[in-house]
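Residue numbers (this note's numbering): 1183 to 1424.
For the record, the hints were derived by calculation from the structure and aren't laboratory data. Even glycine gets a Cβ: it sits at the ideal position worked out from N, Cα and C. A portion of the hints provided could be inaccurate.
Said to hold, decoys possible - Straight-line distance between alpha carbons at most 20 Å, and here's what the computed SDA-like set of lysine to any residue pairs gives:
hint	residue 1	residue 2
1	K1204	G1255
2	K1204	R1223
3	K1204	N1256
4	K1204	L1260
Claimed, not checked - Label pairs and their computed distance ranges (CB to CB):
hint	residue 1	residue 2	range
5	D1216	D1246	19 to 25 Å
6	Q1249	G1222	29 to 35 Å
7	A1410	N1340	46 to 52 Å
8	D1246	D1267	25 to 31 Å
9	A1413	S1221	44 to 50 Å
10	R1303	S1355	27 to 33 Å
11	A1187	E1294	25 to 31 Å
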Amino acid sequence: MAADAPTILATSGGMVASPRNKWSVGPLTEYAVDLAGVSGRAPRVCFLATACGDQPAVIRDFYDMAQESGFHGNHLSLFAMPNVDDIRAHLLSQDVIWVWGGSVAGLLAMWELHGVGDVTREAWEAGVVLTGVSAGSICWHAGGTTDSFGPDLRPITNGLGLLPYSNGVHYDSEEQRRPLFQRLIADGTLPAGYATDDGVGLHYRGTELVEALTEQDGKAAYFVERGADGAAVETRLDTRRL
């Protein structure tokens, strides 16, 4: 099966601490898998760790999480060469594509080299659910804020643009994120967009936000736009606890 409309769950979370493994699948990722509408078999979940250089330890952690959660886990690596012969066929055969965090600039560059961005758009349009955390959230949007270039955050403006908004991640936990996101929207570097505290996700159906969701109490999502006076205006959104 496939989702009945193009679906993205863009998050600053999706994994939780585990007593057995390094991580367990969190409520946000479980919800993303549920959105795929799979029944009668294990959901096929493809993991992309491009943003952290396809680190073997991170991929190993994914397989531990997938086994624990009953997913049919698989992955796409691009370093040092793709691990599958046909990237398009591999990604289009999935129920969910889950993208990990790290360098969103590096992710976008590698995806451009290998055509992954175009394929994820095709998969999204075909009903494969796209999800991810941090870099794996920003990538679906027009752009956002990133530490890809160093400890002082900078804008990234060449996101895939499946969603026509900017995206701010880790909004409550990294002190540079909120003021820079607002400043970039106020000066027109980034379009209006949505930001998430840690543990919060944005569920989009097509290009419309359906709802904000959280796996932690007291956390929220926000819409930030440029006001009539040229200053950023932030609106806290109703955020449903999973």
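Structure-based check of each hint:
1. K1204 x G1255: Between K1204 and G1255 the Cα gap is close to 17 Å, so the pair holds against 20 Å.
2. K1204 x R1223: violated (26 Å)
3. K1204 x N1256: Roughly 18 Å separates the two Cα atoms, so the pair holds.
4. K1204 x L1260: violated (23 Å)
5. D1216 x D1246: 19 to 25 Å: holds (21 Å)
6. Q1249 x G1222: 29 to 35 Å: violated (19 Å)
7. A1410 x N1340: 46 to 52 Å: violated (29 Å)
8. D1246 x D1267: 25 to 31 Å: holds (26 Å)
9. A1413 x S1221: 44 to 50 Å: holds (49 Å)
10. R1303 x S1355: 27 to 33 Å: holds (30 Å)
11. A1187 x E1294: 25 to 31 Å: Check passed, 27 Å falls within 25 to 31 Å.
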